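Student: Take a look at the letters that make up each chain.
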Amino acid sequence: MVEKLLADFRAGDKVAAARIITMLEKGDPKGKEILKDLYKQCGRGYVIGLTGPAGAGKSTLTDALVKELRKKDYRVGVVAIDPTSPFTGGALLGDRIRMGDIAMDPGVFIRSMGTRGNLGGLSWEARDALTVLDAFGCDYLIVETVGAGQSQVEVEKVVDTVVMVTVPGLGDDIQANKAGIMEIGDLYVVNKADRGDADQVVRYLEASLELGHKTEGWQPRVCKTIAWKGEGVADVLDAITAHRSFLEETGKLEEMRKIRTYEEIIARARKMVIDELKEYKGINEIVERVYNRDQDPITAAEELVNSVVK
Amino acid sequence: MSNIRVLVAKVGLDGHDRGAKVIVRALRDAGMEVIYTGIRQTPEQIVAAAIQEDVDVIGLSSLSGGHMHLFPKVVNLLNEKVPDNNILVIGGGIIPDDDIEELKKAGIAAIFGPGTPLKDIINLIEEKAGK
Ligand SMILES: Nc1nc2c(ncn2[C@@H]2O[C@H](COP(=O)(O)OP(=O)(O)O)[C@@H](O)[C@H]2O)c(=O)[nH]1
Ligand SMILES: [Mg+2]
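If you read the protein sequences in the order shown, they are chains A and B. Under the working numbering, the residue at position 185 of the first sequence is numbered 185, and the numbers go up by one with no gaps. Each number in the working numbering corresponds to the 1-based position in the second sequence with 1000 added.
Chain B extracted, bound-state conformation (with noise of 0.2 Å):
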């Protein structure tokens, strides 16, 4: 048995994460193993999380700001770090619409806002990371 591998972690300088949780539970319903590593995590933290666990899919939440840098920067250390890198990564969170094109640019797979669907985010990532 193989389920796909996510990790969620949010990003910023403020607490809340309702919606990250929201998110993880929706993902774990949906048959993922879903390791969540809690709020204000820099992106060394994450990359070095998402390699030790070997994890299929990134999901990116950012409440305050800072995604322009921060989203990217996952990308490149992953980049970086991880030889043949398939990870997806993806975004949601109070992201302005006229930032998702270059984030886009920038490697992130898909940038959800607050009032998308939990099931399109789960589709996205079964068809490009499902097995």
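The following block holds chain A by itself, in its conformation from the complex (with noise of 0.2 Å):
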């Protein structure tokens, strides 16, 4: 059933693609498998990241970006993130009724998903979706999550290019954010230019930005958009062009990539250690050796370790 699953994936099959993205969300362990064989081909696509806050219009910039890059004939993929509800573990899941016209198009795939108690940053189903997007053959990947406060700093991790977006008229949430806002964004995109005073807001970011930035040597850019006019969209992606040229030009795509697979090894390791020492069996004998002052708690974490990592 794998082996069929993965020559559908790779003639290009959007079921089988769904499917595997299901099957590492559900935590099922062939999945894992899957993912292994596919990593080899995967790490061509280019990730642009699009967060801010809920309304900003996030998703129809996602709809007029993907529809500026289908010009260009690039395959497309999307992972659109709602919050879940940390009390019913539902969610709702709205991103696509702005991506209505890109949905039939054979170039895009889309899918949603729930912060899944990982509310601003990024789940490993969210990272893991993209991998598979990634070795489907998508050229970009953009990844759309709601921007909570630091956690937003998440996204970092697996985005090549962060773009903010925001709106006229938020006002004091913008100054409340600036210490956050200003360190993650590599190009900033203020939205609903119909509405309200957008230049001001342009002014004031540049002005912001030019106290400096998280990538040395890049100054980030400013810019207009009427989403759902598709205006000013042409002008983002050139901006988000323009910071994947720096990177690649710099060397500094390469190291950050760097840094995150180490990153990943690191976590996904801790991850299974993790895992491992809470299904440990023994765990109340050592529990009571120790409250017992029979033994020391570092002996006992040493010796729990030891026999988890072989």
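Hints should not be assumed to be uniformly reliable.
[To be verified] Part of the chain B face toward chain A, derived, beta carbon under 8 Å: (1) G1012; (2) R1028; (3) M1032.
[What the hints assert, rightly or not] Computed cross-link-like contacts, DSS-like style, restricted to lysine-lysine with a CA-CA straight-line distance of at most 30 Å: (4) K1104/B x K1073/B; (5) K14/A x K1105/B; (6) K26/A x K1128/B; (7) K310/A x K26/A; (8) K1081/B x K26/A; (9) K1073/B x K1105/B; (10) K229/A x K1021/B; (11) K26/A x K1119/B; (12) K1128/B x K32/A; (13) K67/A x K40/A; (14) K26/A x K229/A; (15) K30/A x K67/A; (16) K1119/B x K4/A; (17) K252/A x K67/A; (18) K67/A x K1105/B; (19) K281/A x K310/A; (20) K71/A x K1081/B; (21) K32/A x K1081/B; (22) K14/A x K1073/B; (23) K278/A x K32/A; (24) K1021/B x K4/A; (25) K271/A x K258/A; (26) K26/A x K252/A.
[Stated by the list, open to error] Sample of chain A residues lacking proximity to chain B, with all beta carbon distances greater than 12 Å (derived): (27) D8; (28) K30; (29) G77; (30) R96; (31) R98; (32) R195; (33) D199; (34) L211; (35) F246; (36) T250; (37) K258; (38) G282; (39) E302; (40) V305.
Don't read these hints as lab results, they were simulated from the structure. Bear in mind that the values here come from a model prediction, so they are computed numbers and not experimental data. In this text, a Cβ means the ideal position worked out from N, Cα and C, and glycines have one as well.
Both chains come to you apart, so use the hints to assemble them.
Tutor: This is how it looks when you write it as structure tokens:
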């Protein structure tokens, strides 16, 4: 069954791609084996992250950007993430409402996901989905996330170009988020330029950005868009492309991706060890021993780790 | 953790989707991941989205007629494009009683009229698509 699925996937079958993503979402062990197999084929896709407050127009902008990329005949994968309710585990995933036109384009694959306890950040499931779509042959991957304060920074671990989307009229919100916001965007989009004073926001952002940025030598651009009309979107793509060229020419893309690879390996290893530790059968006896002062917690931890990591 | 994934779409030319949105919220509150694709969806769009989202259930809503043609079309497209298709398709909205039998024959698992308690819809989905 796995062989058939992989063969279909390699032949470009969207049903197969979608089912592989589901296996990874469910933590199916076969999904992991498939991911191992696919890993060789990925790394070609360029990852764009769109983040910003709910309602800023990220999904609308995603739709417009995808159309712009399709004009150049690139294949595009989209992972659109909306909040999971911490109480019920349910989620309302509404990003597709803005992406009706591109839903049927053979060169586009869109997957919606809940944050699943990773509010603002990216879940493993989302990362895995990006890997799958990369291996599927997508030249560009767009990941849309709702920015939520500091955890936005997480997006950086997966994304090559971070696009911060904002709108006129947020006022104090921008101020409040300034510390976080101004450090992570590689470029800024002021959407809904048809409403309110977009130029003022642009000036404000440009002034703030002069103070410095996370990547040395890169000055983030600020673009103005009316996403639902597609206005200014070609300009956004130009800015993304400029950032990409900058990263490639300075060797920073390679550097960034190596750091990311290192972090991914460590994170995966940590998760594996912790999962093993949590399932360790004799844990209650160890707790009793240490509680009764028959053993110290340091030795107990050493023994536990040694028995798990072999 | 695995949630039931449901795609809810509104077919037909009218732009009213208050009813569909009530269902969407109820299903979310019941712990499901609900992908809402909006109004004026064609069967082709719905099936393309359902494939990429790999949903367990499709909920179709129709208020302005056309369901006798549009609902079965969704089922037929699914059978054509999805190997081992086992996506549960249900419908709701304004659907005359006389049409229900034929829709069921065409593969729509259940039809829910305007007064249906939300709990009934949730129960049916959990029973048939729960895992
Ligand atoms: N006035 C105006 N509204 C827009 C624009 N772009 C998107 N919207 C609307 O803003 C709302 C939120 O858009 P959406 O893309 O779903 O935002 P998201 O939550 O950031 O993904 C929708 O009603 C859009 O139609 C724009 O350029 N101008
Ligand atoms: Mg959105």
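Student: All the hints need checking, so say for each whether the structure fits it.
Tutor: Here is what the structure says about each hint:
no.	hint	result
1	G1012	violated (15 Å)
2	R1028	holds (4 Å)
3	M1032	holds (5 Å)
4	K1104/B x K1073/B	holds (13 Å)
5	K14/A x K1105/B	holds (29 Å)
6	K26/A x K1128/B	holds (19 Å)
7	K310/A x K26/A	holds (27 Å)
8	K1081/B x K26/A	holds (23 Å)
9	K1073/B x K1105/B	holds (13 Å)
10	K229/A x K1021/B	holds (26 Å)
11	K26/A x K1119/B	holds (26 Å)
12	K1128/B x K32/A	holds (28 Å)
13	K67/A x K40/A	holds (28 Å)
14	K26/A x K229/A	violated (38 Å)
15	K30/A x K67/A	violated (34 Å)
16	K1119/B x K4/A	violated (39 Å)
17	K252/A x K67/A	holds (28 Å)
18	K67/A x K1105/B	violated (40 Å)
19	K281/A x K310/A	holds (16 Å)
20	K71/A x K1081/B	holds (27 Å)
21	K32/A x K1081/B	holds (26 Å)
22	K14/A x K1073/B	holds (20 Å)
23	K278/A x K32/A	holds (20 Å)
24	K1021/B x K4/A	violated (38 Å)
25	K271/A x K258/A	holds (20 Å)
26	K26/A x K252/A	violated (35 Å)
27	D8	violated (8 Å)
28	K30	holds (14 Å)
29	G77	violated (10 Å)
30	R96	violated (5 Å)
31	R98	violated (8 Å)
32	R195	holds (22 Å)
33	D199	holds (32 Å)
34	L211	holds (41 Å)
35	F246	holds (32 Å)
36	T250	holds (36 Å)
37	K258	holds (32 Å)
38	G282	holds (27 Å)
39	E302	holds (33 Å)
40	V305	holds (27 Å)
In this structure, the hints that do not hold are numbers 1, 14, 15, 16, 18, 24, 26, 27, 29, 30 and 31, in rising order.
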